[in-house]
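Trainee: Listed below, chain by chain, are the residues.
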Amino acid sequence: MIARDFIAFTLAALRAHRLRTLLTSLGIAVGIASVILLTSIGEGLHRFIIAEFTQFGTNLIGVSPGRIQTHGASLGAVNTSRPLSIEDALALKQAPHVEVADPLVQGNAEVSLPGRSRRVTLYGTGPDFARALSMRVAIGDYLPPDDPRAARAFVVLGAKVAEELFGADNPLGARLRVGGERYRVVGVMEAKGQILGFDMDDTVFIPVARALDMFNRDGLMEIHVAYEPTAPLAEVEEGLRRILVARHGAEDFTLTPQQKMLEVFGTVLDAVTFAVAAIGGISLVVGGVGILTILTIGVAERTSEIGLLRAIGATRRSILLLFLGEAALLSALGGAAGLLLGWGIAALLGLAFPALPVHTPWRYAALAELVAVAVGLAAGVAPARRAAGLDPLEALRSE
Amino acid sequence: MIRLSGIERVDRDGGEEVHALRGVDLAIGRAEYLSIMGPSGSGKSTLLNVLGLLDRPSAGRYLLDGRDVTGLGDDELARVRRETIGFVFQFFHLVPRLSAAQNVELPMVLAGIAAEERQRRLARLLADYGLAERAGHRPDQLSGGQCQRVAIARAMAMAPRLILADEPTGNLDRHTGQEVMKVLERVHHDGGTVIVVTHDPEIGARAQRRIRMVDGEIAEDRRSDGG
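Order-wise, the sequence lines are chains Y and R. Quick note on this note's numbering: the first sequence kicks off at 1 and runs consecutively. Quick note on this note's numbering: the second sequence kicks off at 1 and runs consecutively.
So here's chain Y without its partners, still in its complex pose (with noise of 0.2 Å):
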């Protein structure tokens, strides 16, 4: 048989039973759209959560206080872990390919204005904070390049500080207190938005150093360290490395890059994506069943038909193929049916929420349409082999 002959045969049995093709179809249009659908809100996940990370950039590393990462490490030797200072920021910049290393210290302070306060969270971080998490400065300057250890009080205010405590005016020069100490405004951030439920712009810029005697820590809680984007991470991670454990005589601190972490997630995320596409599966599978039944219905009724068909000298390979023919052309109807309706709804949903990430990639949907394909033919399998194993006589006497 002519290939364009066996697809006019094969729609025009198709044709014969508009309704039940449209039904059975559906089944596989119902799972080919969920799993369209649940991909594209679990990709749009993933890249919404992969840009939220990256926005700082991706060639950075933390250096963290203590080994998380140690394996079978006793609890003492947590214990001995020595405190991160300004010196080994210092010290770190030395390293090689490193461009910035920037302590940091974290915590809430009440920043007041007379008749005003406000309870924020504080930075204290050294001169290259903005530079090393690439954020912008909107007014003014970052916290200037003096000597960590001795560094002056001046204070940078988030977006949102700045608004809150200023309105409309100008907040550069100000003085105002921070935890209680005296400060004088010389820039204000660029507004960043939420990240990750933490809001960057309701934040103030100090003095790491002071930070630190504001919150009574003799340690730092990180180190941020950006590095040139083409040098090899294991390279940079080595220098740092080396240059810790000549400090501080063990290894006992832990360097977290930011690639490794986006790895991670990525893999995470991966698999979420993964797991909602096989909950789509489920509806795709009950569609493939649903082509079993009506192909089951279709032989049945058709006996007598396949009974001619193989006098009139179709062998019975010609027979399997038509009936799987069927199940793929039905199949692939429901799956070109179900990217539309499955396109459509998560464009909708883009347009109804545009906070919901969605995001379909047309490897997936071109992954579907092969996977309803295949979902059609493992189902035809079983009708089309009793269709082809049917004897001509006795076909051909069911009437």
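If you're looking for bench data, these hints aren't it; they were derived computationally from the structure. Heads up, some of the hints might be wrong.
Listed below are several chain Y residues computed to face chain R (Cβ distance under 8 Å; list not exhaustive) [claimed, not checked]:
#1 1
#2 309
#3 311
#4 313
#5 392
From the three backbone atoms N, C-alpha and C, an ideal C-beta is built for every residue, glycine too.
Place chain R on chain Y using the hints.
Mentor: Here is chain R on its own, set in the frame of chain Y:
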């Protein structure tokens, strides 16, 4: 053209062996017109099905055009049926969703004949069997006689040398049945071998050679000239 020797057909019916054919020997020449008659259960339909390669004999040899077809595989049998044999059934066996023309075209489609060649042959077949005006009608829009003409045209689509008709008039009134027989006889006049199974003596008598089956054996084999 056809040579059957010692054809047996044994069916098992609930543990009991039923001899549908008992040692049938039969030679049929090219362009013969032959009728097979006999009471129900005499084996006439089984004989036709064996001749049409739809049923396999339990024993014996079947030479078709000098070729032994008894041992052929399933697909090979389908191919021989397609190329050599045309079937006409009592219940027409038209595909209900296809038009008259598409039904006639079906064997050529299955044989993989190119569309242009098919159209050329189809136009002739439709004209030859007086179906040109009904080409687009589906079987449920045709009369019984027209359906059987479509079936005969379909049987002739691959220009087979052998036409097997199983009770071709069994589902038609007398007048229409005779018309259908005239169509079949024209096939014979054009050089085809036509074998008709019937229980209607009037139909059976039209053939030049008449075989009577009783209990799975050929009881009578008569020839007349002319007709």
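Trainee: Each hint needs a verdict: does it hold in this structure or not?
Mentor: Structure-based check of each hint:
1. 1: For residue 1 of chain Y, the interface hint holds, since the closest Cβ of chain R sits about 5 Å away, which is under 8 Å.
2. 309: Constraint on residue 309 of chain Y satisfied, holds at 7 Å.
3. 311: holds (5 Å)
4. 313: holds (2 Å)
5. 392: Nearest chain R Cβ about 6 Å off; hint holds.
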